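**Student:** Now for the letters of each chain:
4 protein chains.
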Amino acid sequence: MSTFGTLFKVTTYGESHCKSVGCIVDGVPPGMDLDESDIQPQLTRRRPGQSALTTPRNERDAVAIQSGTEYGKTLGTPIAMLVQNKDQRPHDYSEMDDYPRPSHADYTYQEKYGIKASSGGGRSSARETIGRVAAGAIADKYLAAVNDIEIVAFVSQVGDVSMDRSPRNEQWISTLEGVTREGIDSTGPMRCPDLALGEKMVKIVEEHRDSHDSVGGVVTCVIRNCPVGLGEPCFDKLEATLAHAMMSIPATKGFEFGSGFAGAAMSGSKHNDMFYKDVASGRFRTRTNYSGGVQGGISNGENIYFNIAFKPPATISQEQATATYAGKDGVLAAKGRHDPNVVPRAVPIVEAMAALVIADAHLIQESRKGAKSFF
Amino acid sequence: MSTFGTLFKVTTYGESHCKSVGCIVDGVPPGMDLDESDIQPQLTRRRPGQSALTTPRNERDAVAIQSGTEYGKTLGTPIAMLVQNKDQRPHDYSEMDDYPRPSHADYTYQEKYGIKASSGGGRSSARETIGRVAAGAIADKYLAAVNDIEIVAFVSQVGDVSMDRSPRNEQWISTLEGVTREGIDSTGPMRCPDLALGEKMVKIVEEHRDSHDSVGGVVTCVIRNCPVGLGEPCFDKLEATLAHAMMSIPATKGFEFGSGFAGAAMSGSKHNDMFYKDVASGRFRTRTNYSGGVQGGISNGENIYFNIAFKPPATISQEQATATYAGKDGVLAAKGRHDPNVVPRAVPIVEAMAALVIADAHLIQESRKGAKSFF
Amino acid sequence: MSTFGTLFKVTTYGESHCKSVGCIVDGVPPGMDLDESDIQPQLTRRRPGQSALTTPRNERDAVAIQSGTEYGKTLGTPIAMLVQNKDQRPHDYSEMDDYPRPSHADYTYQEKYGIKASSGGGRSSARETIGRVAAGAIADKYLAAVNDIEIVAFVSQVGDVSMDRSPRNEQWISTLEGVTREGIDSTGPMRCPDLALGEKMVKIVEEHRDSHDSVGGVVTCVIRNCPVGLGEPCFDKLEATLAHAMMSIPATKGFEFGSGFAGAAMSGSKHNDMFYKDVASGRFRTRTNYSGGVQGGISNGENIYFNIAFKPPATISQEQATATYAGKDGVLAAKGRHDPNVVPRAVPIVEAMAALVIADAHLIQESRKGAKSFF
Amino acid sequence: MSTFGTLFKVTTYGESHCKSVGCIVDGVPPGMDLDESDIQPQLTRRRPGQSALTTPRNERDAVAIQSGTEYGKTLGTPIAMLVQNKDQRPHDYSEMDDYPRPSHADYTYQEKYGIKASSGGGRSSARETIGRVAAGAIADKYLAAVNDIEIVAFVSQVGDVSMDRSPRNEQWISTLEGVTREGIDSTGPMRCPDLALGEKMVKIVEEHRDSHDSVGGVVTCVIRNCPVGLGEPCFDKLEATLAHAMMSIPATKGFEFGSGFAGAAMSGSKHNDMFYKDVASGRFRTRTNYSGGVQGGISNGENIYFNIAFKPPATISQEQATATYAGKDGVLAAKGRHDPNVVPRAVPIVEAMAALVIADAHLIQESRKGAKSFF
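Residue numbers (the UniProt record's numbering), protein chains in the order written: chain A, 1 to 375; chain B, 1 to 375; chain C, 1 to 375; chain D, 1 to 375.
Chain A extracted, bound-state conformation (with noise of 0.2 Å):
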C-alpha cells in the first residue's frame, strides 16, 4: 500500500491530474531544524526539463510543508508536505486510449482495480515519487546530524556504457568513497562521475531520443558512515528493506548489494572479508567489502552500497503493434515527447528511499540501545 516504515513512516499520495500529490511523514524526531529550504534541493533535482535529454516539461514542485514544524522546528507530530499538479484536469478521451501501453501500468491497473486513471497507470506515473523525495529529504538531514550519514546516489551505466562495478575494481572503490551529490550534479546531464562515460551515455540517450527509442540504465547508491548496528533480522535485514524501497521505485528490475550477482560466480576465499583494528580510527574494520557494509543483515560500520537496475521507459513514440483492451490488434503511437532515459532523475528517488529504510532502521536500534541501558 502507500505507507512505508515502521517509526520513520511515510504515507504518499497522488497520480499524475489530481490536485497536489505530496506525503505525511510521522515519526520525525522532535527538536530538528527543518523548512522548505531542507526539502526543496532534491524535488528540483528530481523534476523533469532539466536538460535537453529529459522531458521538456517544465514543472515547478514548490513543496509546502503543511503541518508538524514551528519557527522552523519539527515538533514530532506528523509533517505534511504537498507540491501543486499543474494539470489538475482528467486528461480527454483519444483513440489512443483504446490500447494498454505495452509494458507500461495501465492494463494491469485496470484489472486490479476495474476502473483506471484517465492519465493511464495513476499511481505508475513518475509523479508519485514526488512525496518519496520529500519525505526523503526529511531524513536526510537526520542522518546527517545523527553521524554525518552521507547517501549519494549516481549514474553507473546507461544502455550497455557502463562502469567496471567489479567490487575488486579499486577504481571503483574510491569512485564510492569520493563521490558526493555536489560532485555528481557538476559532472553534467548523465550524473555519471566518470566523465568520458558521461559523455557516451549522452549520445546512447541522443541517439535513442532521435529513433524515437528509450534505453535503459542503473543507478548506483553509496551510504557513508552508517554507524554499525542498523537492520532487524530476520525478516528486516537491512538489504531487505533496502530491497523492498528500491524495487518499489516504478521501472525498476533489479537490486544487487556489495558483490551482488557477480559475487555468485566468487570463492569463499576470495568474498570473505577480513577483519583488521584500524589504529588511527580505533574502529574495527573490514580489509575488503564484498559484504556491501551488511553482515547477516546488520550493518557493519563500512560502506553500503548497492546498485538498481532500470528498465527502459515504456512510452516511445514508435508505432508498437499491440491490441486494445478488447482484443483487437492494432497499432499504437504515442504523441508527444517523452523521456527516452530516466536513470539521471532516478539519483535522487534512490537517494530517498535509502534515506527512508537507513532512518527507520537508526531508530529501531536507539530504542534497543536505550533500552539496553537498563540493565
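It should be emphasised that the hints constitute simulated quantities derived from the structure, not laboratory data.
There could be a bad hint or two in this list.
Claimed, not checked - Every beta carbon over 12 Å from chain A, so not counted as near; a handful from chain B, in silico:
#, residue
1, Gly31
2, Arg45
3, Arg168
4, Ile173
5, Ser174
6, Thr175
7, Glu177
8, Glu199
9, Val202
10, Arg224
11, Glu256
Unchecked claim - Derived, one-sided and incomplete: chain B residues facing chain C with beta-carbon distance under 7 Å:
#, residue
12, Leu7
13, Val331
14, Leu363
15, Gly370
Keep in mind it's a predicted model, so treat the numbers as computed, not measured.
Ideal Cβ positions, reconstructed from N, Cα and C, are used throughout, including at glycine.
With chain A fixed as given, assemble chains B, C and D onto it according to the hints.
**Tutor:** Chains B, C and D alone, transformed into the frame defined by chain A:
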C-alpha cells in the same frame, strides 16, 4: 523483525542450539485440508545431508503441527509448527570464539545486541529458515487450491557455470514454462534443469570442497498461473515484496526479475511486451515477457520469474588471516566440515518465501474484489 | 502514531496553527461514487459555533479532495483530503504560557517531545479530529453500499443528567433501533434523542458556561445491519479495535459495549442471549442483546452499541491554583471563551471512528470469504 | 489477528484441544536475565483449580522456553514459549453440539470461518490467554529493570459487591498506591484487597455456583512508576492501546481509566488536576489524579489506573431455552462443572496485557530519546 506479511502472516523463532525452531502462521484461510504430510516434503528438501555435496549432518527435521487444525482441516486460527533441535546445548568455548568469523554475522550480532549466541550468528543460522519453509508449504497448498498456482525454483548458476538466463533465449523461456519440483529433484544433487551444466556444477563444488573453499550461485524461481491483479502499489508492488522476501534469506546478494540487470542495457522498442488476445484460452496476454509477469507492480498473468544471487558460504576451513574481537591480528581456521555450496538447499527456501508473498497478495486482492462487488 | 487500520488505512496530520489539517485514506475500494459533498456534511456537523452552547469561533472547514478520484469515482488509490486552517500563525507568547494547563496535554507533550507547539497541546487539539471525520465519511459511504450499514451516535448523558442506558430498559433498546442522524440533529443543540433530557442538558451546560466551568458527558453509538463475522481474534476482536478507536478520541475516559459495566453485576442466567430463528427475515438472532452485537470478538448480526465517557473540557476560564513549568506555584486564568461541553460535537467523531473500524474489519473478512470459495 | 505490539511484539497460538498453546515474543531487549522461573509464577496464578471457587481441573501449565535465551540471558532474538495441552484430542460429538452456546463464541466462529473447533469457540477458549501471560511476564521483568515499574491488578467488584472506586475516595487512592501482588494473593481466593468485601464476594460466587449460575465482576489495575512520556498520539494514545489490550481479553465488556464514566458527570473545575513541584522528590506532580496518569494520550508520571468489566461466564449448567444451529427451538443444558466467576483468574491476564502495552510504548519512546540526543 521476525514477522512477515499482512493477512497471511508468519512469525518465526529459533537458532541453532535452542530447544526447537518453528513458526506461527496466522491468517491461513479456514476449511483447507492440512496435516504434517503437506509440510514435511519441503522441510526434507531443505535439510542438509542429502548428498555428498552438502554438509553430512543428518538432521531429521520432523515437523509437528501444534494448533490451528482439527480432523485435518484448518480452522482459520494460528497454526504453530515446530521442529526439535537435536543439539540443544550451547556450544562450548574454544579459542576460535575469540574471532568473529569473516563475512559471517558474529561481529554484527555482537555489536547490535551486545550479546551473542555461543553458536555464532544466532538467527543468521541456516536453521532459522525451517520456520519459513514450513510456513511456505501451507501457502503453497493454498495457492494450488486457488488457481493451480505453481512455484518452482532451481539452480541456474554455480560459480561461473551458468545457464543462459537471457529473456531473449527461447530455451530459457521454455525451461521456465516447463520445470517442476519433481523434475528438478530428479536431475541430481545440484537441482539444475540442464543436466550437462549440473554435472559441471558438481565438479566445481567438489573442487571447492577439496580445497577447503566454498562457492556461490544463483537460484531462479518461476511462479506460474498467478492471477492478474496481485501487488499493492506504490510501496508494496509485487516485485518489491518479492525482493524483500528473497533478500531476507541468508547469504543473498542480489535480486532481479524479468529482464533484470540485462534489461538496463536494452531499448524500449525491444523490451516492451506487446499485447494480444489468445484465442485458445481467451486470455489477454503478452507476446514476450521481459516484464517478468509484473507491470506497474501488479501481476499481469504471465509467468513471474526472478533470480537470486547467493554469495559463497562464509564458513570455510582454510586458514584466514583476520583479527580477534579485541582487534589482535591472528589466524582463524574453522574446524569440521562445512557446506561448500548452499544453492541446492536454498531452492525450497526460495519457493517458500515466494509462496508467502503471493498468498498474502492474493488475500489482499480478494478483499478488494469482494468489496467491489457491492457497488 | 498517526496511522490507523490494516486494509482501510487512514493517516492524519495537522495541529491548530499550521497551514492545513487533513488525512490520506488508503485502501478505499475502487469504483465507488465519491466527491466532497459526501464528506462535507459530517465535517460541518463536527465544527464549532453551531449553537450558543459551543465555542463561537466560525470555522468553515471546507474539505478539498486532492487525489484518488476521477470523474466522481474512487480509483482505489490513496485519497488525500485537506482543510485549510484559518489561523496559520503560531500563537504569541503570553505569561499564561509559563503554565502547563491543568489536565491538558501541554506538560506531557513538552516532556515527551522536548518541544511543544505554541498553541499548546499540538496534536491534542480538537482540530486533529478533522482528518478522522473526513476519512470516516468515506468509510460511511462504503458501509452503506455494502449492507446498508448505519452508524448513529448521540448524546446520552451530560453531567448527571442521563438517559437510562440499562440494556434491560426496553425504551433504550428501542431508541438504539430507531435513531437516525437526521432525527438526532433535529432534537436541538445537545443531540440527545430524549427531548426533555436534552433541555435539561442545555441548562446544565449553560450553568457551567456562566460559572466559567465545563462539564463532561457520554456519547452512545449504535451500528445497525452489520453483517455476521467481523472482527479478528484474538487481539483484534471487534470490541478491542472499537475501544482503541474510541479511546484515541481526545478527552475520552471510558468505553463499554453491550451490558458494559452494568453487566459485571449480572448473573449469567440473565445475561446470556438466547438464540432463535426469526421466521420473517430468516435470520438467526438473539432474543436479548446484552452481548452488544459481538460474541467472542466477532459480530453476530445484532445491533452493536457502546458508550464513550468524555471528561469535562480542561480549558476553563476560572482561576486555577497550579504551578508553572519551572515548578513555581501561581494562578492560571485562561482568557477568551471556551467550550463548556464537547459531547454534541463529539458525535460525528465517534461515528467516524466507528466507520473506520467496521470498514477495515469488513475488508479483512471479505478477503477470507473470497479465499474460502476456492476450496 | 494474533500479533500485538510494534517493537515489543507478541504472537500467540493455540486452542483447547490442540498439542500446545504458547507464543513468540519478538523484540525483547538483549542481555536481560531470563529463565522459566520468571514466567511460571504468573502462569500459575492464572491457572484454574486454585480454590473451590474456580473450576477444579488441575492444569499444570509448565512453560518451556524454546529459543532466544542462552545461559539465562536474552539474546535479543525471538523468545518462543509453550505449554503442553493435557487434553489433545478433539472433543467427541454430543447432542449438545447441535446448539451454539448462548453468549459464547460458537455461533460467530462458525459463521466467520465456516468451520469450528469441536471444543467450541476455538481461540475464544481461556487457554488462549496462556501465551499472553507468558509474554507479559517477560515485559514485567523488563519494566521492573527499567524504572521499577510495578503493575498490580486486583478484583474490585463481583456481582453487586463493589469497592468504592470513586477517584475522590481517598481510601481508594491509597489502595492503588499500596497494593502488591503478594498482598493481593494473601487476601484469599477473590484477590480483593478489602477483606470484608472479599468474603462477601466469596458468598456471591458460592451462591451462583450452587444455583448453577455465574456472575461477573470488575478488575482494577494500577501501573506505578511509569515514566513521563509514554504513548503515541494521535491514534496510539496510551489509553487507546491499553483499551485495545484489555478489551481483547475474553469476556470483557468495558474499560475506563482515571475518573472513567464517573468523570462524565463532573465539572472541569473539580476534575482538573493541579500541578505542583514535589520538593522531596523533585518531581513535577499533580495534586489529584482524575486523569489516571495519562494526559493527551501520554503518561504524566502519576499512577495509571483503570477498571475492566467482565461479564458473567456464558457457560452455565442451568437449562437454557435457545435454538440449534439449524434454527430449531430446544433446551441446552451444559454438563460438568463450570467456573461461576473468572475475575480472580483474570488478574494476571490483565497485568500481562498492561505490561505488554507499557513495554512497547517504552521502547518506542526510547527510540525518540536516543534520536533527539543527536541535535
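**Student:** Please list, smallest to largest, the hint numbers that this structure does not respect.
**Tutor:** Hints 11 and 13 not satisfied by this model.
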